[in-house]
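Participant: Here is what each chain is made of, one letter per residue.
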Amino acid sequence: QKEVEQDPGPLSVPEGAIVSLNCTYSNSAFQYFMWYRQYSRKGPELLMYTYSSGNKEDGRFTAQVDKSSKYISLFIRDSQPSDSATYLCAMTGGADGLTFGKGTHLIIQP
Amino acid sequence: DAGVTQSPTHLIKTRGQQVTLRCSPKSGHDTVSWYQQALGQGPQFIFQYYEEEERQRGNFPDRFSGHQFPNYSSELNVNALLLGDSALYLCASRPQSLVSEKLFFGSGTQLSVL
Chain S
1 QKEVEQDPGP LSVPEGAIVS LNCTYSNSAF QYFMWYRQYS RKGPELLMYT
51 YSSGNKEDGR FTAQVDKSSK YISLFIRDSQ PSDSATYLCA MTGGADGLTF
101 GKGTHLIIQP
Chain X
111 DAGVTQSPTH LIKTRGQQVT LRCSPKSGHD TVSWYQQALG QGPQFIFQYY
161 EEEERQRGNF PDRFSGHQFP NYSSELNVNA LLLGDSALYL CASRPQSLVS
211 EKLFFGSGTQ LSVL
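Taken in sequence, the protein lines are chains S and X. If you read the first sequence in this note's numbering, its first letter stands for residue 1, the second for the next number, and so on. If you read the second sequence in this note's numbering, its first letter stands for residue 111, the second for the next number, and so on.
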């Protein structure tokens with residue numbers, strides 16, 4: 001079992017829809033949780049950052065962390081074609097490097 | 111304010127050769143990490159440098175080595191290249207002083223091993 005599981009997709013939704021992306025993990029030591037957006041073969045761009053459990057909102061993006069279920073989510077409201085990219089979840093216990101999921105390829109249809 | 115810059119953008123090598131990739135961190139950042147991203151996979155942590163020393167290392171063989179310079183820039187060296195080393199190599203930086211794991215990534219170096 002991989003430490004971080006993420007459905008690679010592709011996930012295709014119409015413009016304006018609410019997008020739900022998620023990851024599950026197995027390592028209880030993870031304390032810091034991040035979502036990155038990556039366009040085709042470019043470097044990942046940090047979207048959301050959460051420490052421990054809870055919700056965080058930034059514009060159209062909401063990140064949720066449920067440590068009891070070892071489950072994290074990213075919601076995108078009013079999705080736009082420019083949101084089409086690969087979304088990577090990442091997490092760490094703080095003393096080592098980030099552990100990433102495989103990434104979910106998201107397609108927003110105009 | 112320049113972000114994380116990496117060079118070269120693309121590189122083609124043959125099996126058995128050695129390669130050096132370079133990274134300049136974001137202004138104000140003193141901690142540099144390197145990641146390997148194979149096609150269709152998430153990035154995998156190689157190692158992290160702070161104060162010119164390797165501080166943490168992921169599950170990579172000794173063929174992968176690095177260096178950090180006094181100006182915080184860094185190099186990744188890979189010896190005896192294998193076909194499986196073909197990947198996007200990403201450099202990331204952050205300030206050590208912040209209690210945060212927010213990493214800022216460069217655009218990467220695409221390495222092809224033939």
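Hints may be right or wrong, so weigh each one.
No farther apart than 25 Å at their CA atoms in a straight line, the calculated lysine to any residue pairs in the SDA-like style are these [said to hold, decoys possible]: (1) 123(X) with 160(X); (2) 212(X) with 13(S); (3) 212(X) with 17(S); (4) 2(S) with 166(X); (5) 70(S) with 40(S); (6) 212(X) with 29(S); (7) 70(S) with 46(S).
Bear in mind the hints are in silico, worked out from the structure with no lab data behind them.
Participant: Could you work out which of the previously given hints the structure breaks and list their numbers from low to high?
Facilitator: The structure breaks hints 1, 2, 3, 5; every other hint is satisfied.
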